[in-house]
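> Residue-level listing of the chains:
Number of protein chains: 2
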Amino acid sequence: MNNPSLVSADTTADELEAILSTAQEAARALRDSAGGERASWLRAVGAAIDEERAELLDLAVAESHLDRTALDGEVKRTVFQLEHLAQAAESGELLRVLAEPADADYPVAARPDLVQAMMPLGPVLVFTASNFPFAFSVAGNDFASAVAAGCPVVVKANPGHPALSALTAEIVATALAKAGAPKGTFAHIQGVEPGVAALRDTRIKACGFTGSLAGGRALFDIAVGRPDPIPFYGELGSLNPVFVTPAAAAARAEEIAAGFVASVSFRGGQLCTKPGVLIAPENSGILDAAATALAGLEPVTLLTDRITGAYTEGTKSLSGLPGARVVAGSGGTSPTLVSIPPASVLATVGGGIEECFGPAAVVIEYRDTAEIGAIARSLGPSLTATIHGESADAVAASLVDQLSSLAGRVIWNGWPTGVSVTRALHHGGPFPATTSPTYGSIGVGSAQRWLRPVTYQNWPVELLPREVRARVLPAAE
Amino acid sequence: MNNPSLVSADTTADELEAILSTAQEAARALRDSAGGERASWLRAVGAAIDEERAELLDLAVAESHLDRTALDGEVKRTVFQLEHLAQAAESGELLRVLAEPADADYPVAARPDLVQAMMPLGPVLVFTASNFPFAFSVAGNDFASAVAAGCPVVVKANPGHPALSALTAEIVATALAKAGAPKGTFAHIQGVEPGVAALRDTRIKACGFTGSLAGGRALFDIAVGRPDPIPFYGELGSLNPVFVTPAAAAARAEEIAAGFVASVSFRGGQLCTKPGVLIAPENSGILDAAATALAGLEPVTLLTDRITGAYTEGTKSLSGLPGARVVAGSGGTSPTLVSIPPASVLATVGGGIEECFGPAAVVIEYRDTAEIGAIARSLGPSLTATIHGESADAVAASLVDQLSSLAGRVIWNGWPTGVSVTRALHHGGPFPATTSPTYGSIGVGSAQRWLRPVTYQNWPVELLPREVRARVLPAAE
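Residue numbers (our numbering), protein chains in the order written: chain B, 161 to 637; chain Z, 161 to 637.
FYI, nobody ran anything at the bench for these hints, they're computed from the structure. Where a beta carbon is used, it is the ideal one built from N, C-alpha and C, also for glycine. Check each hint, because a few of them may be wrong.
Stated by the list, open to error - If you only want the chain Z side, here are some residues facing chain B, beta carbon under 8 Å, derived: (1) Phe240; (2) Asp561; (3) Phe591; (4) Ser596; (5) Pro597; (6) Gly600; (7) Arg612; (8) Val614.
Chain B with its partners taken away, still in its complex shape (with noise of 0.2 Å):
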């Protein structure tokens, strides 16, 4: 399976059958083992991929069309988050143990000796996104966070890179079949039949899925429909709009401009948390700046044909808008900006206005600080909202409730491009920003995603699992 010579061959029926044999035995190892086990095996993926750097480099230009040093940043951004997820495994703080002693005097009735732990689902399967070929890919923040939790992962590759995908898949397998990791720790996938069949299986237990509105929701559908339904994580699409007051126009429209046009032009516009709106006053400037800014780029090279397609129609789409007005742009994959009035954004739900994966984004020129506020009622839910205001600036702070409502990040006075992957950044937020508003995709927290709580009741401490008697046994003694 991961030899880059077998690129283009479906996973058949029979060695599907045996990687989910395999991952469902090595369930039970990863669930009995340390934590400071699964640390070293991902540490070791880590370095396995930047030793390999320069030939994982060479597929990822050359099949994703992104920029090398942008790619190569990427590549310290994946071997940190495997660290970051180490961590997070190696500390016992994913376990989230919890004690409580018998209470005979507990309210109500006796309160029995309680632990609480969390325990790992069992096999993830990950659907891998085409524009992080590294971050969010193989052996990006799905693959190390389920690992960290104590999940055997199954990657169906992305079809946007094949061949990079197949050589970091045999540089994780050898490199974890190094460490010791138990086998069927790691498989992957190809072929969208061999992933649907993978997600009706039984022995899946937890999907997590970076991509499209239209194949996410696709495979959700799956994924809840099953008999025994499972979770299903998928990250679908954002708008990120970013709301400009009167006051911020006014004090630093040219910069606002250009902060906008790097954002939304950076890795060719192919970023979820690209900023796909901008509501900014009008005659301030910024719309003419950022029309010239943007049109001055040259077209770009997108991930995959495909999303040229999308993307050629979706400016159209954009372009048809009522009342819109093409004001960068000369079709192709050239860098686009559209105008829409603020009468045709609200004269329906978001006016129509879906997110276009590439360099293109709206900006909607409003009159008055009424006119602000409706357009922020009338947007639906994103990963992130972004407001440029000054200190105590009025319009600013009546937006605040209204953006936190609707995303979950909000940003003052920032581009939403550029993601830590940090505890505290959260990456998710209401349908269809992500499936499920309760976890996000990147970082410690994202390790939740793949475990659930069990409580021993009167147990005794000797037949706790490892790590948790580790942790109750000062208490308990």
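The hints should help you fit chain Z onto chain B, whose structure is shown.
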């Protein structure tokens, strides 16, 4: 709505529209409320229920046919539950505030200033349970946990106790109003159609359910089939197997049989934690003793006609399993014990044993330790799994891994009925025990079902939500 004289009328479409619209407005007010305020509302509800206890108990006895002493204990539990969640709201722990300062040297890229905190999802719809007319009904755990989290609650009354529901709703609404809770914090609806209409409405952001597998699954499918799927937290059914090792059977067969019968028949066997299957060594005397004890119990008046009909069908279905032998029970609603040979259980997954709500259970007598292991592996997920074992009991030790894989609470030498309202008690499990394996429906943890994280990036401290600000200010100054 909240007048007992209107008990039989379904909520009309106009009434529902007004209720949902008011709940949506209340969501904003609740989001801005202080945890201490919400605690005071919950305590006011508890005090009001306690004050009206006599009248409530009269209705509960009449409608549920449950024992008055048991119901009185349940009222105490309900009041304590409100206090338990009030304390969680008041302490601020539900906010899970996590602040990470800006760090220019953070790995890969500079980290901005980040503050993460939980915020309420919005209006929550609750489908109440028939078997706990207080603790899982109008003012039960789902209501208490949602209000503690800052979410308005729309409660769909259980048809099993309509007058009690209406009176409780009146008491809750009056207590909330007197305590200063925003209008729309709580509403009460009646009827299947209005319940389904509410579940489909975009203003409802999450749903709690306690009831049958069939009903819960139908509602789950609606919730996840919405254009904007919402979290559905259902508790649907559980067999709660109890495993008796040879050593435990040798040491205390009589005691185990008596404990089993008491647990099976408690509250007419109408508990989600009823031990539905006992796995004991053959010829240990446990089967005979349990059969004799159960046969000596009177037929039970079950909660509703529907449940009575399902019980008659369910006991027939158990009696019809291959090789089944009815060892106690004379049809109707008489307590029933059915012995099923291991071969039948191992022939298909779980042997086709389905939860039978009421005072019925199955005993499976195993011949050797290989068979007890095979039976454990054949059973599906449950809320609980229990081992009766002795110290240094190798058979017990061999079961631990399997049982903690299939249940959310594992019990040593006890019985699954009788559930503490406390932090370390997890009440949930893999589907169908609960629809979400990651959250339970009892205690402080259950409030996290109604919350989601939001990260504030480089956010001005003065624009943070009041209660979040109070918790980061020492660090921010």
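> Which of the numbered hints are not met once you compare them with the structure shown?
Every hint satisfied by this model.
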